[in-house]
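Just so you know, the protein sequences line up as chains A and B, in that order.
Here the first sequence stands for residues 0 to 243, where the numbers follow numbering that gives the first Met the number 0.
Here the second sequence stands for residues 0 to 243, where the numbers follow numbering that gives the first Met the number 0.
Keep in mind that a hint or two might mislead.
Cβ pair distances, simulated, as ranges [claimed, not checked]:
{"hint": "1", "chain 1": "B", "residue 1": "Pro-103", "chain 2": "A", "residue 2": "Thr-104", "range": "19 to 25 Å"}
{"hint": "2", "chain 1": "A", "residue 1": "Gln-12", "chain 2": "B", "residue 2": "Thr-211", "range": "34 to 40 Å"}
{"hint": "3", "chain 1": "A", "residue 1": "Thr-102", "chain 2": "B", "residue 2": "Pro-176", "range": "52 to 58 Å"}
{"hint": "4", "chain 1": "B", "residue 1": "Trp-97", "chain 2": "A", "residue 2": "Gly-30", "range": "43 to 49 Å"}
{"hint": "5", "chain 1": "A", "residue 1": "Asp-48", "chain 2": "B", "residue 2": "Lys-34", "range": "47 to 53 Å"}
{"hint": "6", "chain 1": "A", "residue 1": "Ser-13", "chain 2": "B", "residue 2": "Pro-103", "range": "25 to 31 Å"}
{"hint": "7", "chain 1": "A", "residue 1": "Ala-40", "chain 2": "B", "residue 2": "Glu-181", "range": "47 to 53 Å"}
{"hint": "8", "chain 1": "A", "residue 1": "Gln-12", "chain 2": "B", "residue 2": "Tyr-21", "range": "43 to 49 Å"}
In silico SDA-like cross-links for lysine to any residue, where the CA-CA straight-line distance does not exceed 25 Å [stated by the list, open to error]:
{"hint": "9", "chain 1": "A", "residue 1": "Lys-129", "chain 2": "B", "residue 2": "Val-98"}
{"hint": "10", "chain 1": "A", "residue 1": "Lys-235", "chain 2": "B", "residue 2": "Glu-131"}
{"hint": "11", "chain 1": "A", "residue 1": "Lys-129", "chain 2": "B", "residue 2": "Asn-114"}
{"hint": "12", "chain 1": "B", "residue 1": "Lys-129", "chain 2": "A", "residue 2": "Lys-129"}
{"hint": "13", "chain 1": "B", "residue 1": "Lys-129", "chain 2": "A", "residue 2": "Pro-219"}
{"hint": "14", "chain 1": "A", "residue 1": "Lys-44", "chain 2": "B", "residue 2": "Cys-184"}
{"hint": "15", "chain 1": "A", "residue 1": "Lys-42", "chain 2": "B", "residue 2": "Trp-74"}
{"hint": "16", "chain 1": "B", "residue 1": "Lys-204", "chain 2": "B", "residue 2": "Gly-93"}
{"hint": "17", "chain 1": "A", "residue 1": "Lys-44", "chain 2": "B", "residue 2": "Val-98"}
Don't read these hints as lab results, they were simulated from the structure.
For glycine and all other residues, C-beta sits at the position ideal for the given N, C-alpha and C.
2 protein chains.
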Amino acid sequence: MKVFLVLAHPESQSLNGSLATYAAKVLEDAGHEVKVSDLYAMKFKAVVDGDDFQEYNEQEKMKWADVLILHFPLWWYGMPAILKGWVDRVYAGGFAYWVGEYTPTHQSDRFGEGNMAGKRAMCMVTVGGKAENYSARGIAGPIDDLLWPINHGILYYPGYDVLPPFVTFDTFPGHVPPERWEKICADMKERLLTLDTTEPIAYRKQNFGDYTMPGLELKPGLEQPGETGFAIHTQKAPPANTAA
Amino acid sequence: MKVFLVLAHPESQSLNGSLATYAAKVLEDAGHEVKVSDLYAMKFKAVVDGDDFQEYNEQEKMKWADVLILHFPLWWYGMPAILKGWVDRVYAGGFAYWVGEYTPTHQSDRFGEGNMAGKRAMCMVTVGGKAENYSARGIAGPIDDLLWPINHGILYYPGYDVLPPFVTFDTFPGHVPPERWEKICADMKERLLTLDTTEPIAYRKQNFGDYTMPGLELKPGLEQPGETGFAIHTQKAPPANTAA
């Protein structure tokens, strides 16, 4: 497989940077081809402006790769600015959006279709805070909801199949002694060596009957009972009692 | 009042830029003092790096102002990189986080306390897509959930009282004829002239009994029946049947 890893951490010797180095090695040792865009090392221009040009080089890497990995620390509950700028600048019209027909009943090829259809993508994220803070009732909000705008809005949008994220919590300096580091690496390795077989998140496709046209609202009754918010846009297996 | 408006749009003649210009004028005409940081015009450095310095100038404007306004277009379901970079760089340790005591039962002054306590903040956002796409069942996800990491994670975190956002949908070129523009301006003016009286979003305070310590998970039973996700972190009025 061909893997494109986009890294957005300023310090290669940090925990986050070390995990990225480890990830590239695991993939290469397993015989995969890996391209890394280390955005800080590249001094990547983060800001879209009126004089901007298309980022063909990064687009080519996206086209080349079977798998895109976004590797970043969670800063203020989102991506670092340099990675957001990578998205803002690389995801150009005609490449990531404004793809395919635009009619009232087919508002372009996106959310399940698009130029990245058939490829896979995954976030690998380090989080300073503890997992409890990001649990279903944690004060930071559920990590899956915080990552939803990235997983659904940035990765699923141009057609990627999105794998569940690999998230490492509690990463402040001193919180990762050697035995924990070994465990994190083993868990990450497991995920990296199953990139091609891991079940993607079952987001609903835009243009295949689940949404009203042209409003793009989920049709009534498709969600699970009581389900609200981002969660309704993911298909679930039927509840156990209906399968019995 | 003193208002600090942070603007993150590359084109001052755009709809978004024009609304920011209008907002500043409305506030000044009403006798308020206004400072604007036009991040593109300032060529604001968006990327935190190892050689970084504290952004004292922007911090001083935050301390000076009674109200902070973040004015931006929604790009890829979040802030433009230049504004995320403003947060990443201005929100420094000791100023926006690591404020106050850090113990297992008081994990710093944040989420309801902090250096910005007593001040107010609001997002003013333009969105290309239509409102239906961002409704409770819309494919983009509910706009309040998309903005939650900003409203709760960035504005509420250092202590701001967060006002409901002012969101303008369907802003693609040609979609805002003069009569719609007048309506948008009138609505915005109404919000700007009530900045000091608008009821803030009733986020729950971290350190006043609603959360477990040290896990910071919402204690059982405080949410509304059936409520999940980000919504549980906002206090609601009691259901009508318990008030009766």
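**Asked** For which of the previously enumerated hints does the structure constitute a violation, in increasing order of number?
**Response** Hints 1, 3, 5, 12, 14 and 17 are the ones this structure does not satisfy, whereas the remaining hints hold.
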